[in-house]
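Student: Letter by letter, the chains look like this.
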Amino acid sequence: MSETAQAPAVRLTGIDKRFGAVQANRGAAIEVRPGEIHALVGENGAGKSTLMKILSGMLAPDAGTIEVGGRDVTGWSTAQAIAAGVGMVHQHFMLVPTLTVAENVVLGREPVSVGTFDRARALREVEELAEQSGLRVPADRLVADLSVGEAQRVEILKTLYRGARVLLLDEPTAVLSPPEVTELWKVLRRVRDGGATIILITHKLDEVMAVSERITVMRQGETVERLATRDTSPEGIARAMVGRDVALMVQREGAPPAAVPAAGTGLEVRDLVVRGARIPRAVDGISFSVAPGEILGIAGVEGNGQTELLDALAGLREAAGGSIRVGGVDLTTDSVRERGDAGLSHIPEDRHRRGLLLEYSVAENLIFGQQHHFTRRGMLDRAAIDAHAESRIAAYDIRPADARLPVRALSGGNQQKVVIAREMARAFSVLLAAQPTRGVDVGAIEFIHAQLRRARDEGKAILLVSAELREVLALSDRVAVMYGGRLVTVMPRREASEEVLGPWMTGAQRGAVA
Amino acid sequence: MSRLRQVFEEGVLAPLVALLVALVAGDLLILAYGQAPGAVWSLLIEGTWGNAYGFGQVLYKATTLTCTGLAVAIGLRAGLFNIGGEGQLAAGGFGAAIMGLWLPSTTPALLAVPLCVGAACVAGGSVGLVPGVLKARFGAHEVIVTIMLNFIVLAFLNWIVSAHLAVPETLHTEGVRAGVLPRLSAMIPAFHGSAANWTLAVVLLAVGATWWFLFRTRSGYELRAVGQQPDAAEYGGIHVGQAWWRAMLMAGALAGLGGVNFVLGYKGYYEDGFAGGAGFLGIAVALVGRNHPVGVLLAALFFATLSQGGLAINALVPKQMVEVLQGIVILAVAMAVPEVRRLVRQAAGRATGRAR
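Those protein sequence lines, which keep their order, are chains A and B.
For the first sequence, my numbering gives the first residue as 33, with consecutive numbering after it.
For the second sequence, my numbering gives the first residue as 17, with consecutive numbering after it.
Since the hints were derived computationally from the structure, they do not count as laboratory data.
Quantities reported herein were computed from a predicted structural model and do not represent experimental measurements.
By construction, the Cβ of each residue, glycine as well, lies at the ideal position given by its N, Cα and C atoms.
The following label-pair restraints were derived from C-beta to C-beta distances:
hint	chain 1	residue 1	chain 2	residue 2	range
1	A	A415	B	G292	40 to 50 Å
2	B	F154	A	S319	28 to 38 Å
3	A	S367	B	G134	24 to 34 Å
4	A	V522	B	D247	25 to 35 Å
5	B	T122	A	A419	53 to 63 Å
6	B	R153	A	A309	17 to 27 Å
7	A	L174	B	V183	53 to 63 Å
8	B	F154	A	V532	45 to 55 Å
9	A	A309	B	I61	58 to 68 Å
10	A	R502	B	D247	23 to 33 Å
11	B	G289	A	D362	55 to 65 Å
12	A	S319	B	R153	26 to 36 Å
Residues of chain B placed beyond 12 Å of chain A at every Cβ, according to the derived structure:
hint	residue
13	F24
14	Y49
15	E62
16	L145
17	F154
18	M203
19	A217
20	G292
21	Q342
Which chain A residues face chain B? A few, computed with CB under 7 Å, are given here:
hint	residue
22	R369
23	L389
24	Q403
Please take these sequences and the hints and turn them into a complete structure.
Tutor: This is the structure in structure tokens:
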């Protein structure tokens, strides 16, 4: 087969896309040959999804050209993209649970006879398509009764039914169990063999190695490397994804040796099991401890059980097994309030969902979670609340310095400062810091990091969970990697680097310490 | 400063806009009926705020509406839509009547009144508690449960009154022996003939207490937090389910208090069907009152004025016109609130945009 003679199925060149201050794509390019499975890889925020949204017509590029099958289609709409056979398989299923598989697949393109929906023909067509493509799903079942893997197959069927010749899959395995992943690869190969071209967005290296033929690597909005899968290795891809020349934010100096905490101090977690919404063991029996005066950073791709772990530690989700101790006291079954009073402080990963009451004033938010300590005979102690707010606003330079303003009126960085100012004001010995600088500007990041280090130096035990690998490396004394609900490795900070952690984070390197 | 402005924009401006819309719509309706708007409006004011009897009737109706309005407002503050005011109100009236019938007629008022009022709150609160507990325990949707419970409670009361407690040939109980609240006319003769009674004072106290509870106590802080963002409330160590059933208990008790107005203050007995839709109108009262106790009080006065005014203008236009007006006010408030906020914010955005 002469590969060069054929026009590429998809070619994007010089794509620029800016969202406000963020340059999501910077001269990004990708070229995909007809009939291949092409992996588009990169870290979170590298611009992969933006590039694919541009290809599918959901976003218009600021600059650059889009060619599909040799035709310049720059700036087309989603409807035009679908008509031209470019289909996005959505990560969040867009299916109607009360309709059958066949009804979902044909939705919007229903076969009609004499002005009414031809159910029998829809069923027949979908069954034929399922047979041809190998996407085995019972066409007459209700979508509500399907497993996650089956629902995803319906999404792919839907795209194929609309005549897609180029399929874009955005992180398709995020919600699948390992056997379902294996099944998905089989299906994709079969669809590819049927003549379709597939672009797979992922940051999991094992997937790239397992299924793709060629790879485009993105980093910080740019295309940095194009590789043939058979000529590379997971290490090679990881290097390209992370880049050698990435400067860490702040290097830890003279990190203390990996602490072996004395029993009865800090945070001790033993054999913790937590159920997830979809996965029975989102946290799959993990053990670790954080000593006073230590920051243990947990790195890992999001969705590997970090949220469930934090929820269980904070008392927001029941532990299905194992134990949690703070300062030697077993808190496994204690309520959120009891844990707080026992010395557990918690910066939640989502300040809008958990951490703040947006309509409440800054002062009211600064006591949130500790309101029972600002109460006298059932009444809020307004003088104490105001005094507390004043001192916190001054100490954390929260702007504007108006305790009566609703928190909604503050910028993201100042909102996060409210959360951190509050959680640092508790009497605590253990701090759970989840994504402490998410969506926060650079100045506030510096400040928040300084606060975390100071707390550590004051002898607090800090568990840091962050999707930002660089943040983990900048702050931690020890680094652990969470993958598939387990801590797959724990190492002292000086042994850790992005290159070392990358393969653990993507599951390319395995072995459980816990 | 900005807080005052926010209060003004949300609490005052929106209802005023709604009132204006209703006024214009009313003008058109009156014109369509071939009457002069000015004459009808002045008759409406004359028949309500213009004489002591009419004003007394407004106060009487507003008393019940304040209670049912508070019952909806406190539910909404906790994030629950309490449609059960009608059943809670009826149960409250029934509770008051049973206590009043049971107590010996020699019971001193100082003891009998609190006992009867308490019985009304307990009865209304129990009816409110059911959807609260079902929501907290099983996640049953409070809208469905409160609606269905209205039927159950009203049918049960209808049965027990008509089958066991009614004076023959009627649908009401005997007169209570103790706990009757005197009418205002006993003190201010000008109110003669109007049903306004001292329940009004109790309800004013309830308005103050509800405000104090919501905005000054820790439980109120937590209840509002649950209404605003249950996930955050959970993170803040608040037992969300507990806050829910407590809110519904209070809502039911407040609606139940409204039953006192009719039973102990007006007729002196329980009569089947006395609630007459006041429970449902409480939804509108809470909506127009922006779920604020003082707002609820003002909105109750407004709706009571419309209701009483409908009788006054019946000579010129059909009294159903005020029901149309009520509907228009509700629609206008529902739309005006987000609308007004959006417009004001846009204007502010343009102003700051120019400043930059």
